[in-house]
Structure formats: C-alpha cells, structure tokens
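Engineer: Given these sequences and hints, build the entire structure.
Keeping their order, the protein sequence lines are chains A and B.
Here the numbering used here is used: the first residue of the first sequence is 1261, the next is one more, and so on.
Here the numbering used here is used: the first residue of the second sequence is 1261, the next is one more, and so on.
None of these hints come from the bench; they were simulated from the model.
Keep in mind that a hint or two might mislead.
Which copy is meant is left open, because identical chains are indistinguishable; a pair holds if it fits in one copy or across any two.
With a straight-line cut-off of 35 Å between C-alpha atoms, the simulated DSBU-like cross-links for lysine-lysine are [said to hold, decoys possible]:
hint, residue 1, residue 2
1, K1592, K1488
2, K1629, K1280
3, K1283, K1375
4, K1283, K1684
5, K1293, K1684
There are 2 protein chains.
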Amino acid sequence: MSLDRMFYPDDVAVIGASNKKGKVGNAIMRSLKKKYSGEIYPVNLKEETILDIPAYPSIVDIDAPVDLAIIALPAKMVPDIVDQCGSAGVKNLIVVSAGFGEAGRNDLEREIKDKMDRHDMNLLGPNCLGILNTSTGLDTIFNPPDRQDRPPSGSIAFISQSGAFGAATLDWFSEAEIGLSKFVSYGNRIDIDEADLVDYLSTDEETDFIIIYMEGVKYGRRFFEAAKRCGKPMMAVKSGRTEEGASAATSHTASLAGRDKVYHGAFKQAGVIRARDIREMFNVAKAVSYQPVPRGDAIAIVTNGGGAGVMATDELVERGLSLASLSVETKKDLKEAVEEGVISEHATLDNPIDIVGDATPERYERTLKAVLDDENVDSVIVVILFQSPTLDERMVDVLDRVEKNKPVVVVAPGGRYTHKITAKIEDAGIPVYQTPAEGVQAVWGLSRCCPGSGGVRRTKDI
Amino acid sequence: MSLDRMFYPDDVAVIGASNKKGKVGNAIMRSLKKKYSGEIYPVNLKEETILDIPAYPSIVDIDAPVDLAIIALPAKMVPDIVDQCGSAGVKNLIVVSAGFGEAGRNDLEREIKDKMDRHDMNLLGPNCLGILNTSTGLDTIFNPPDRQDRPPSGSIAFISQSGAFGAATLDWFSEAEIGLSKFVSYGNRIDIDEADLVDYLSTDEETDFIIIYMEGVKYGRRFFEAAKRCGKPMMAVKSGRTEEGASAATSHTASLAGRDKVYHGAFKQAGVIRARDIREMFNVAKAVSYQPVPRGDAIAIVTNGGGAGVMATDELVERGLSLASLSVETKKDLKEAVEEGVISEHATLDNPIDIVGDATPERYERTLKAVLDDENVDSVIVVILFQSPTLDERMVDVLDRVEKNKPVVVVAPGGRYTHKITAKIEDAGIPVYQTPAEGVQAVWGLSRCCPGSGGVRRTKDI
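Structural biologist: Set out below in structure tokens:
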C-alpha cells in the first residue's frame, strides 16, 4: 500500500492527546498545532478540548475520514486502539509508545500485527518518534522544540533506526541549517521497514538525497534491493561494527545487528556511501545541502598555509579522490598573476596551490577564479587561516563573488575571530569546516553523488 | 647549550621593532608589551621610542646583557644582525623572518650558521612564529591577538613545524580553553630542532604533556631517541602520509617528509601517541587539559540512548580499549536502584549501561556513583541526549557533584539547547564532545598516558 497518506495526510488524529504538559500526547499536539497545515483531531476520553481544539472520546466518533492516526498511549492499550482505528477506516498509524519488543513484550507486537492484517493498514513503529515532513509541518516528534530544534526545509531525507540519536542529529542539523525534506524514526518496524521507506522516498519529489542511520536492517536482501533501485544518492551510518557493539545493539533494539563485513560489501554493491561515523555523516550532509554535485572527483586545493594543504592532500588521496592536474592555461594565468605582483613569488603554483601566509583577499580571488575556470578541476577546497593579519571580512565578498559553477568548500581552523567570519561565509551558502580532513570528507561525499563516480546515481541536482 | 634563557629570558631585544601598524616588528612589540614580565629593548635605527619604550639604534648599543633577541628584519639583513648579536654577547636568537631555505635561499641559512657557530649561540627559526610562554608572557607571535587568541596557562606544550597551522591551532585551543605551558613554532630549524625541543620540554616543570605537529623531522634517530628518554606522554600529528602529501610538504618546507611507515613504527617504539588528524589531536588535548590520567583502559559507558552506546562501543573496541566488566557490587547496586524505582525496568544494566530515554538527572547520578565506585572501571563516558524532556540543567550539578576520582568525559550531540548546557558542564571541568566516536578518542588519549598502557610513561599527574 502507498505511504503517501502517511507522509502527506490531509488530517491526523492524535490518540492519547493531552492537556497535561510533559505528556507525550501533549507535546505532539503542540508540535502539530504550531505548524501542521491539515486538520487535527485530538482523541481523549475525558477532555472536551485539547489545546482549544475540540476532542473526541474515540477514533470512531470522528465523523470524517482520517488519513493518519498517531497513537501515544500505554503499550498494553495499543492493540485495541489499532482495532478501533481499523473499524474507523484509518489506514495509516504511527505508534510512538514504547514497551513492546524492546521491553520483551513481543506478544503485544504480534497482537497488533494480527489486527493490522485484518484491516489492511500501514503502521510505523512502535517505539519511535514518527515523521517530520518539513513542507507540511507534519511533526510527530514528542521532544519539545525548546529542547530539540526542527531543521529548515531541504532536499535531504533522514531515516533513523534510533529515535534518540535521530533527535540529537535533527537538533545538530538545525543549528547548522542543514535542510531536510523528511525525517523518519521507525523504531521496532513491525510493519514499515527500511526497505519500504527507501522505496517511498525514491519516489518523493522533495527528496534528492537519503541518509540512514541503522544498527541492522530487518530483511537484508529486501533493503539492499530497494537501495539499488532507489535512483537517488544514499548514505548510511551503520553501527554495531564490532562484536561488542552488535551485542549492545541487540540488547537495546531486540534486533540483530548483523555481520559488518556483509553489510560493508552490500553497501558497496548497492552504491550506498558509507560514512564511518556521525561527524562524517554530518559533514557530508552539510556539503550536500549547500553545494551542487561535481562532474568528477578531481579536486583543487587553495591554501595560505602549506601544512593545511599537506593534510588535505593526504586525506584526499587516502579517500581515493584525485588531485586535479591544473591546465596549461591555469598555470599560465597564475604565473602572470605572480608577474603582476598579485600572487607572491614564494607561492607554489601547483596543486595544492599554496598562496602563502601573507595572502590577501585579492590574491585568493585571482587564484579561485583561475581554478574555477579550469576544466580539469571538479571541486575546490579553499583553506583560509584567518589568523593572518592580511585577511579579513573581505573574504566573505570574495567567496560570494566568484562564480560557483562547481562545489566549493572552505576549511578554516580557528577560534573566535575565525568563527565570526565563517558564520557569514556559511550565510553566503558555502559550507565551512574546522579541519582539512573534514573539508575533504565533504567533497568526498559530494563526489560520490556524481554520475560518473561508479557509486550513487542522481536524478536531479539539489 | 641550555635553552632555559631562550624560554625564560629576563629581558628581550626586538630587532626590527616598529611603530608602524601592520609590521611584524610592531605586532611582536605589542604582544610583548601587553603581558611579558621582563625588560623589553626595541631596536630601530631611526626611532627614539617604540610604543613609548626607549629604542636603541643597534643591539650593541644596549648597555645590559640581553638574554634573547627576536629578529624581524628582511632575510638578507639577518646574517649581519646575527653577527652583531654575537658581538653583543646575546646567546639566544629567534628569527621570525621568512625568505630563507623555503624560498630557495639556502645560502643565507649557511651564512647564519657560520656566524652562529663562531659565537656559540642558540637559534630558533628562521621562518617561524617563535615562542609563547604562558607563564611569563613571552610572546613572539606576530599574529594580532584580535585575529588569533592566546590560550590560558596549562601543562601542555605544543610544538609545530608549521607556523600557520600552529597559529590556527592555538586559536582553536584558546576558544576551547585548553591550557598550554609553551607553544613553539620552529620553522626551518637550522639550529634548534624537534629533538632539542623535546629534550628541553622533558625537563620543563610546567610541562606534563607534549604535542607535536610535523611533516618530517630533521634527524630521525636523534628525534626518536629524545622521544624515548622524554619521560612525559607525547602525541604527534604527522602529515605527509601519502606520496602526494609528502611531495606537497617538501615543496613548502624544503624538507623531506619521509616514509610514513617508518615514522609509524618509530612512534610506536618510542611510545608516542599518534593522532590521525587534528580533530583527534584537539579532542585528546581537551581531555588531557581537563581530566586526570586513568589507571587503566577499562571504560564504562552510561547513556540515555541505545544507539549512541552502540557507536561508542564500536569505537572503543576498534581502538583497543576494553569495555569494563562491572563488579558484582555495582550490578547489585543498579538492580536495587531498579527496585527502588530510580532506574527504569527497561534499562540495560550491563556495560554499555543504557538508562533509556526517560532518564532523569537523579537516575544519572545514581548510575554514575555506582560506576565511579567500581574498581573495575578506569574511565567513564557519559552520553547525554539533552533532547529528552526529562533532562535539564540539573545535569550540570549532577556532574559537578559526583566524585571524579577517575576521568569522566561527556558526549552530548545536539544543537542550541544542548550547547547552552554543555558550556556549563565544561565550566565545571568536564570536557564535552559532539559525537560518541570523539568521546572515545578522548578517553583513548587519556588511557594512552597511563603508566600501565605500555605506551607513554608519565612523571606526574596533570
């Protein structure tokens, strides 16, 4: 059955809606009331209104078709509620309640499965945060917004097996203004699993890039086939890499984490980018949400510090990217700039291009123009050590002004002054990283999205 | 010759001191005037005073013994100045000027060497930032403090082959309030090299931990013998790992980066911790500057999110640390806490300890107390997902209150609310990291400092 009404419901019922602050059913009502554009039907046995919205004693009392019911009631009540929803003709359910398989109550999950099958329904969860759809304001996350921000709209979909970690990541993405199309926390996946979500998101027009955090998939073959046919770049963080980690995963999700080597091979075969950890995942997500996809993996580095250029080169080579060979024209242009006195005679005019410690904004601009015009260059890493007294806020204009027909990322290690300026560079749409290795992670992720990379295919530009 | 007067001069001369803003000799004068506790003698041919301090036309005109001369004049003038310093009896020189070997002028370096040898002097540089000694205010770094902050006093010495990268790191350390004893940028090392600096710092009472960034050492055997006899934990970041990176290093420092495998083995043999990149170096430095050294490498993880516990476990195992086996008493204590209702019945009481999503500050406190009392536990990683509505600022008090006889680091991924609270946790002396992998890097670095680790030996606690 299609998940379209699950992600784009015209109306939702909140079963277990509450006026009592601190209750899950109150937090969800608040989130929905704040932004959700559809109709909201709170369901509560005793109250007449919830947050001033008329309430219904039961789902069957609502005299309209309900696209989606969100269930926030104690686990033991859920099977009956699922049955009631079925009778009321509701086809899509999100069960946020915990206390099921992860707490040893597989019996309750079986009961729910039975009722669902009888009524032909879709169910997300239980033990999950549900869905955030940034374009409609559908938001079933029970963490209050003052604790956990919601990210802006964008074209990345983020799927997380872990609700708590998913929420932390959303919060981090929000602070960095990384835009999302959808967030999905799917919990114990007694019905909708990773493969269903990838299939759905592959057809979602608002999604161009899919990130998934997992400890293990429910059905390996099903998931990897969905990943293969997805047609959009995907990145996975899979934990439970070690025996001890996998064992910890089993105890908290009641699911097997699976052998890491098998996953590793399968990710590769399906063209899924594997991020080693969540910092790397974050760095790539930021690049994808700010920058276009390059045509290839030839990288130019421009730096005012030789050491940082060396570090970036190491990381780049180790990740299988290539140092772009600058064209004859570019080399000629840079030499002319030296003759004109724009670029220092001490500069290294080969890639990595070191325009040395006394580089000015003008010198950066001239060098960046040459490199961005070079057909041999697919992406550019600009290292800027703002500790140098010859640099200042004019670098923001320089980066804003150069034609960015290719991905550009900035690496600017530093403290207070640096961060004051880099905030403005990010406002201008160029992602900034604290270390050379992280800047390289960013272009690596972008390069893995390009059609010629042999990895992920891409249907349209972000 | 001892470097003591180089690092602790009673007075300094600044040759090339200037009243003109933007000049290197002006920036150094400003830095010294601001904090340096000794006598300052500006040397300038034309001016009567520099920053209102009486100036001398030449070093030979100063009618007092000068411990250290800082030379900030064009490269071609330096050999003669070195000679003059020799005649004036100055035994320690820092040459910050560039334009020597790195610019193809090895002849100037040879000239300087000749003069130095004649007068029996120590020379740091050329092409360097020189020295920052946080305890005396000696500060020869020409980057203005509004561009590059100076870190607080502490017990870490940081040596950097790259001046620009060293400055960026100082700036980053300052923002994170990582305390340093000394910073040394040694540039082209025509006299004082890495081995000399390690030897000196091994005897420096204010230094307990040595970090070095390098692309390659001058004399391999000399350096690694100094590292072996050093007696204090050392951490190195060595770039130029790849052929391409090494080649870039050669072009910017005019020195060979050397084979990475040889370095890798030598670091291991000498007991030097090798950080893979500067983020890892930063993470370890922060841990070392905030926390004590553990007795061993058995780690306990306490978390309110299972996924984060899995990620920390993976990283920990992959780094060769061990998951502590909780003692019978701890397990009993935690079980009692469940019976008393302090810890949820859904919690996982084995390491990694998952006190689940609705954990309160009280639950953290009880769990942390049990774990910190456990003799089988050497360090504790506390994962706190502050997105949960059951947590709040009281976590700061909890972390402040528990007895920290062992290293404790916090992992708190998140955004605005999280960072508001974690700033207070860091004020209380506990380092906070954004990802589980980084929290593990921190305890890994600390564990590598402990006497039983087979790695670095340690003379005293930080």
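Engineer: Which earlier hints can't be squared with this structure?
Structural biologist: 1
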